[in-house]
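For the record, the sequence lines run as chains A and B. Each residue of the first sequence is one higher than the last, beginning at 1 in the working numbering. Each residue of the second sequence is one higher than the last, beginning at 1 in the working numbering.
Accuracy of the hints is not assured; some may be wrong.
[What the hints assert, rightly or not] Using 27 Å as the maximum straight-line C-alpha spacing, the simulated BS3-like pairs for lysine-lysine come out as follows: (1) B:Lys304 / A:Lys257; (2) A:Lys195 / B:Lys344; (3) B:Lys299 / A:Lys304; (4) B:Lys344 / B:Lys257; (5) A:Lys304 / B:Lys212.
[Said to hold, decoys possible] The calculated label-pair distances, taken between Cβ atoms and stated as ranges, are: (6) A:Gln187 / B:Glu371: 36 to 46 Å; (7) B:Glu70 / A:Ala116: 23 to 33 Å; (8) A:Lys212 / B:Arg11: 28 to 38 Å; (9) A:Asp229 / B:Ala105: 26 to 36 Å; (10) A:His385 / B:Thr271: 56 to 66 Å; (11) B:Asn322 / A:Ile61: 51 to 61 Å; (12) B:Thr271 / A:Arg180: 16 to 26 Å; (13) B:Pro79 / A:Ile61: 37 to 47 Å; (14) B:Met342 / A:Gln215: 21 to 31 Å; (15) B:Arg11 / A:Gln187: 43 to 53 Å; (16) A:Gln187 / B:Pro79: 51 to 61 Å; (17) A:His385 / B:Asn322: 37 to 47 Å.
None of these hints come from the bench; they were simulated from the model. Predicted model, so just to flag it, every value in this text is computed and none were measured. Quick reminder that beta carbons are idealized off the backbone N, C-alpha and C, glycines included.
Number of protein chains: 2
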Amino acid sequence: VTQISIIGAGRSSWYLIQYLAEQAAVHGWQVLACDFDPEALKQRLANLPSVKTRAVDASNIEELTDIVSESAIVVSMLPPNMHTIVAEICLSQGVHMATASYVSAGMMAFDEKAKAKGLVFLNEMGLDPGIDHLSAMKVIHDIRKHGGVVTSFESHCGGLVYGPDCGDNPWEYKFSWNPRNVVLAAQGGMSVFRKKGATRYLPWHRVFGEAKTIQIPGLGAFDSYANRDSLGYEELYGLQNASTLLRGTLRREGYCKAWNALVQLGLTESTTPLSHAVCIMQDLVASLTGTLKGYPLGKWLVEKDLISESLKNHFDFLDLENCTLEGEDGCTAADLLQDALMVKWSLEDSDRDEVVMYHRIGYTMEDREKEVHCTLSVIGEDAKHTAMAKTVGLPLAMGVELILLGKVQQKGVVVPVTAEWYEPILKGLAARGVFFAETVE
Amino acid sequence: VTQISIIGAGRSSWYLIQYLAEQAAVHGWQVLACDFDPEALKQRLANLPSVKTRAVDASNIEELTDIVSESAIVVSMLPPNMHTIVAEICLSQGVHMATASYVSAGMMAFDEKAKAKGLVFLNEMGLDPGIDHLSAMKVIHDIRKHGGVVTSFESHCGGLVYGPDCGDNPWEYKFSWNPRNVVLAAQGGMSVFRKKGATRYLPWHRVFGEAKTIQIPGLGAFDSYANRDSLGYEELYGLQNASTLLRGTLRREGYCKAWNALVQLGLTESTTPLSHAVCIMQDLVASLTGTLKGYPLGKWLVEKDLISESLKNHFDFLDLENCTLEGEDGCTAADLLQDALMVKWSLEDSDRDEVVMYHRIGYTMEDREKEVHCTLSVIGEDAKHTAMAKTVGLPLAMGVELILLGKVQQKGVVVPVTAEWYEPILKGLAARGVFFAETVE
Chain A
1 VTQISIIGAG RSSWYLIQYL AEQAAVHGWQ VLACDFDPEA LKQRLANLPS
51 VKTRAVDASN IEELTDIVSE SAIVVSMLPP NMHTIVAEIC LSQGVHMATA
101 SYVSAGMMAF DEKAKAKGLV FLNEMGLDPG IDHLSAMKVI HDIRKHGGVV
151 TSFESHCGGL VYGPDCGDNP WEYKFSWNPR NVVLAAQGGM SVFRKKGATR
201 YLPWHRVFGE AKTIQIPGLG AFDSYANRDS LGYEELYGLQ NASTLLRGTL
251 RREGYCKAWN ALVQLGLTES TTPLSHAVCI MQDLVASLTG TLKGYPLGKW
301 LVEKDLISES LKNHFDFLDL ENCTLEGEDG CTAADLLQDA LMVKWSLEDS
351 DRDEVVMYHR IGYTMEDREK EVHCTLSVIG EDAKHTAMAK TVGLPLAMGV
401 ELILLGKVQQ KGVVVPVTAE WYEPILKGLA ARGVFFAETV E
Chain B
1 VTQISIIGAG RSSWYLIQYL AEQAAVHGWQ VLACDFDPEA LKQRLANLPS
51 VKTRAVDASN IEELTDIVSE SAIVVSMLPP NMHTIVAEIC LSQGVHMATA
101 SYVSAGMMAF DEKAKAKGLV FLNEMGLDPG IDHLSAMKVI HDIRKHGGVV
151 TSFESHCGGL VYGPDCGDNP WEYKFSWNPR NVVLAAQGGM SVFRKKGATR
201 YLPWHRVFGE AKTIQIPGLG AFDSYANRDS LGYEELYGLQ NASTLLRGTL
251 RREGYCKAWN ALVQLGLTES TTPLSHAVCI MQDLVASLTG TLKGYPLGKW
301 LVEKDLISES LKNHFDFLDL ENCTLEGEDG CTAADLLQDA LMVKWSLEDS
351 DRDEVVMYHR IGYTMEDREK EVHCTLSVIG EDAKHTAMAK TVGLPLAMGV
401 ELILLGKVQQ KGVVVPVTAE WYEPILKGLA ARGVFFAETV E
């Protein structure tokens, strides 16, 4: 029997597994969900009795090989740096593979070998990357089909919390995905984009300070900060004529200026192990500001002109200056901040998250300048059934389905930017309530 | 015959070699100077006919082993990351070793093995680290001998240019040592120190903005920025009772605020390879500021409130916005900045550099609070005979002398913080014009 194996089937894989279970019933496939915690997995999948479960220690090559060898395709939901280990086994066992992660250089190295074996190693098939590729390429191809030329491309995406569920949290933000990535955002090199013909570089410590407020049709004002290397999309999307090329990450208005204060202060520093003297949050705050323990951080930031008075409530809400969370030996400021935010920014069971994506694509057609705005908003059901899990899991599941049904021609290491991917998957997503509103000016 | 071998005998090793040649004549030793460029080496050492020279490719282990095996002691002037390679060979050949570099974890790992073989691996025997250890420990030990307790310790050091030789350069700074270290200053983790009982951490991007202006008796005002981990000196110097523990790096007044603007802008970013579009300095400046090519950087920094009007001349002098220097493929902003500064900040042949060191040590003695100020100023002879080369080379040479004469008891990996080092070497330095002025309040 054709088996689909999901490795690392954690809390956010519900929609992925549910969709695959449905298709498996139709096509006579088998779904195997593997996680390091099989008991919690069984509980989560109690409503899906057709899905087999299995414990996996992802660091154990023999266990991984055992799972891969009985599969037709493997979906890796493991941390991105582990995908190449799975890929190596998939290659040797002649098994397809799919991930929602960016293609790493290590993954790219499998391209020719996978092609030679007729295998598909599908990547970047989640939300961002994923739905961004599918939706943007459909619009771009449509413009070209009608003789247009894309002259500017902006794409913004954010995993947020549905506004009314933010309560008294002035950040209007909670964690709906990996908190680590939120705390380390922008670190590890410069961000680069192009705006009106000019290539702009921003060192990581300027990224949040340079965030822009944008208006998204129908949804209102958001902050958007530059999302790493936007220029890589020139070749991927064929945007050599675009004088603006910008990918941004969305937050609610005010977030970026407030977050910038944490960056400037040093609370996101992730390389220096702290001495024992300051590995309690309130001591760390005092150490970074040079104030007495308990001195209100928001007040200090206003006094130092690092934030405006209107943002003070963000820091009063976090109350880091009185937070007694203690880090482990050798922890960094970023570790401590993450721990503190996980208390303040965790989704309540009934909280609904919101995924927002917005493309703004300028083009010329028949000598006229036009602009198309594509807006996606998906609201989650609750903290266990998030919009984030849905928008990552559904495209990935649909990609797996297409591969198993032999409906795609591409082989090797694949990023879904062609019609054979976006046509069926955008349709499938729309049928489940995930679709873009489009306006042309 | 007892041979002293210097590996990496570059331009700044004149005083080191000269002193060793003198002692070699007295004691019947031989000095061998090795460098990758033996012709330039011979020219530099034309006045020292007793010194043998030899070409060395420091990446060639056989060549290194050949040199080490015929030596009684090896002085490594190679880049710090190569010292452990030399140490490995010295250990296997039973040869002493000396460097002016900080003890790395890799070097520390040789401690027991070197001790077991009765070898001295002397490190941190230059200016800073080096003369700072020698001079500070003498003062600290004197205080303790008289029943005092050190309650605060500040030590500042800088390699500068003699003021009158700075000409129209408003930075009053030129390169008298490794330019790379100047451009990357503070990068790679937080700086940490203690001030009035409070442990202070500063992420690298705040270090220059938080620099303080200090008054050095007899020398005037300087900027001082936190020099990495000052807390490590608590144990090394036995300063558990010091409520202030701060090591600073000195620059002329105004330098740090101006340099901070370059840091904030991103011109010292050292990890991101730049795209071809911006690897010319004037394009990079436009890219980081978002201005048109040639827009005056100083003017922009004033407009953005990143510097005060009085610092604008620093940027007018550098004229980076019109600099057409082009970096190699894959260069970083820091690479380009270094190239540009090497044009503007190179020592003219007749320029004299200046080394300044300043300790400010508070202590209590017989229930009275006192403070001792120790000030060192050494002015170079010219661009080839710098104060920096003198203050690094002389202590290192004197350390070698002590080891060969069997005048020190310590074995293993050694940092010179005991009287057996500082007593003879401070005397020797004073005899050559390198001595501290001391005042007690």
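- Message: Need the list of violated hint numbers for this structure, in ascending order.
- Response: Hints 2, 7, 8, 10, 14, 15, 16, 17 not satisfied by this model.
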